[in-house]
Each structure stands twice: as C-alpha cells, then as structure tokens.
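Visitor: Sequence:
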Amino acid sequence: MADLVILAAPGMGAVNEDFAEPLFRALKSALGDDWSRIHTDTILCQGHLQPNLERVFDAMQKRDMDYLRARKFMLYGLAEASTQLADIHQRGGNYEKAQQAIYQTFERAAKATSDNAPVILLSHSIGCCILSNYLWDAQRPTISHGIWRDGGPRCAISWPLEWKLRWEAIWKAPGINQGGPVVVRPDRF
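Here the sequence shown stands for residues 0 to 188, where the numbers follow numbering that gives the first Met the number 0.
Simulated from the structure, these hints should not be mistaken for lab results.
Built from N, CA and C at the ideal position, the CB exists for glycine as well.
Hints are not guaranteed to be accurate.
Claimed, not checked - Straight-line Cα separation of at most 30 Å, DSSO-like style, residue types lysine-lysine; simulated pairs:
{"hint": "1", "residue 1": "110", "residue 2": "27"}
{"hint": "2", "residue 1": "96", "residue 2": "71"}
{"hint": "3", "residue 1": "96", "residue 2": "110"}
Unchecked claim - Pairwise CB distance ranges (calculated):
{"hint": "4", "residue 1": "135", "residue 2": "58", "range": "30 to 38 Å"}
{"hint": "5", "residue 1": "55", "residue 2": "30", "range": "36 to 44 Å"}
{"hint": "6", "residue 1": "22", "residue 2": "107", "range": "13 to 21 Å"}
{"hint": "7", "residue 1": "70", "residue 2": "117", "range": "14 to 22 Å"}
{"hint": "8", "residue 1": "90", "residue 2": "34", "range": "35 to 43 Å"}
{"hint": "9", "residue 1": "17", "residue 2": "103", "range": "12 to 20 Å"}
{"hint": "10", "residue 1": "17", "residue 2": "57", "range": "20 to 28 Å"}
When you get a sec, could you build the whole thing from the sequences and use the hints?
Guide: Here is the structure:
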C-alpha cells in the first residue's frame with residue numbers, strides 16, 4: 000500500500016499518456032527507496048477526443064503549412080475547451096466522459112493507498128478547469144449533469160464515503176485561473 004498519492008492532469012494539446020513521466024522520474028531519483036511508498040498516475044480526461052482531433056488535423060494537411068505545430072496546438076486547445084461544456088447535460092457526452100476518466104483514476108488510487116494517504120493533485124491549463132469542474136460537481140448534494148447526476152457512478156453516493164474519510168488532497172494548479180496550492184477538504188464533499 001502506498002502512503003502518498005500524486006495524480007497529474009495535463010494541459011492543452013495532443014494526449015500524451017507519458018506527459019508526467021519526467022516529473023515522476025525526477026521524484027523517483029530524488030526519493031530513492033522511499034519512491035516505493037508513492038502511488039502515481041495520470042488523469043487523462045480528454046483522451047476520448049483524440050481520434051476526432053487527429054482526423055480533423057490530418058484533413059487540414061492537404062499541403063505544407065507554416066506554423067503547423069502552432070495550428071495543431073490551437074486546434075487541440077480550442078476543441079478541448081469548447082467540447083468540455085458544450086454537452087454538459089448530454090448523457091455519455093464529452094463532459095461526462097472526462098469526469099468518468101477522472102473518477103477511474105481516483106478509484107485506482109484509492110485501491111493502491113493506505114487509509115491515511117494524502118493526495119497531491121497536479122494540473123495545468125485546461126486540466127485545471129476540468130478537474131475543478133469535477134471536484135465542484137462531486138461536492139454538490141444534487142447535480143443534474145456529469146457522472147454525479149442520479150447519485151453518482153454506479154448509483155453510489157456522490158463521493159465514496161471511504162474517500163471522504165481518508166483523503167485530504169493538496170491541489171497544485173499553475174494554470175488557467177488557478178493559483179495554488181488549493182487544499183481540497185474531503186469533509187466538505
């Protein structure tokens with residue numbers, strides 16, 4: 000069982016499942032044997048958009064373009080931001096898929112940790128907004144959108160009780176409208 004959880008959410012751009020590996024490698028190197036006491040994972044909450052974004056980008060490349068990399072970043076950034084809230088009330092929509100990905104990451108972390116493990120959430124750019132929406136929705140007693148409608152995932156209570164009792168997260172979010180660190184207190188969920 001791990002004694003500490005570090006979860007990282009990416010910013011805008013193409014989905015790269017290994018985006019946090021340089022950070023995790025640096026921590027592993029610095030911590031030595033203590034690294035085995037830490038559970039790390041990435042929150043890939045926009046992966047479901049990747050195939051369609053790639054299709055659109057490939058269609059844009061009918062000839063060589065200047066600033067190709069910048070155009071791709073703008074496409075991904077605008078698509079991620081606009082699709083996140085465009086279908087907030089649609090069952091199975093992008094908003095709900097992003098929340099489901101976050102929930103599954105938290106669920107894996109909960110299974111891998113000790114009862115009193117603190118959680119560190121790291122996010123950047125659009126990841127801040129998505130994680131903020133998730134945490135906000137999870138704390139509401141009733142909600143009409145996302146995975147928390149109808150009582151939450153698998154019709155459970157809005158936040159698993161065991162998570163309320165054992166997790167206090169520190170959220171470092173150096174991106175969109177976020178300072179940091181923000182302490183997420185589970186007793187207020």
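Visitor: For the range 30 to 38 Å, tell me whether the beta carbons of residue 135 and residue 58 fit it or not.
Guide: holds (36 Å)
Visitor: Are the Cα atoms of residue 110 and residue 27 separated by 30 Å or less?
Guide: holds (21 Å)
Visitor: Is the Cα-Cα distance between residue 96 and residue 110 30 Å or less?
Guide: With Cα atoms ~21 Å apart, residue 96 and residue 110 stay inside 30 Å; holds.
Visitor: Is the gap between the beta carbons of residue 70 and residue 117 within 14 to 22 Å?
Guide: violated (41 Å)
Visitor: The hint says 12 to 20 Å between residue 17 and residue 103; measuring C-beta to C-beta, is that right?
Guide: holds (18 Å)
Visitor: Does the hinted range 13 to 21 Å hold for residue 22 and residue 107 at CB?
Guide: holds (18 Å)
Visitor: Within 35 to 43 Å or not, the Cβ separation of residue 90 and residue 34?
Guide: For residue 34 against residue 90, whose Cβ atoms are near 41 Å apart, the range 35 to 43 Å holds.
Visitor: Check the hint pairing residue 96 with residue 71 against an upper bound of 30 Å on the C-alpha distance.
Guide: holds (23 Å)
Visitor: Go ahead and decide if the range 20 to 28 Å is satisfied by the Cβ distance of residue 17 to residue 57.
Guide: Given range 20 to 28 Å: holds, Cβ gap about 22 Å.
Visitor: A range of 36 to 44 Å was offered for this pair. Does it hold for the Cβ distance of residue 55 and residue 30?
Guide: The hint (36 to 44 Å, Cβ to Cβ) holds, given that residue 55 and residue 30 are roughly 41 Å apart.
Of the numbered hints listed earlier, the single one contradicted by the structure is hint 7.
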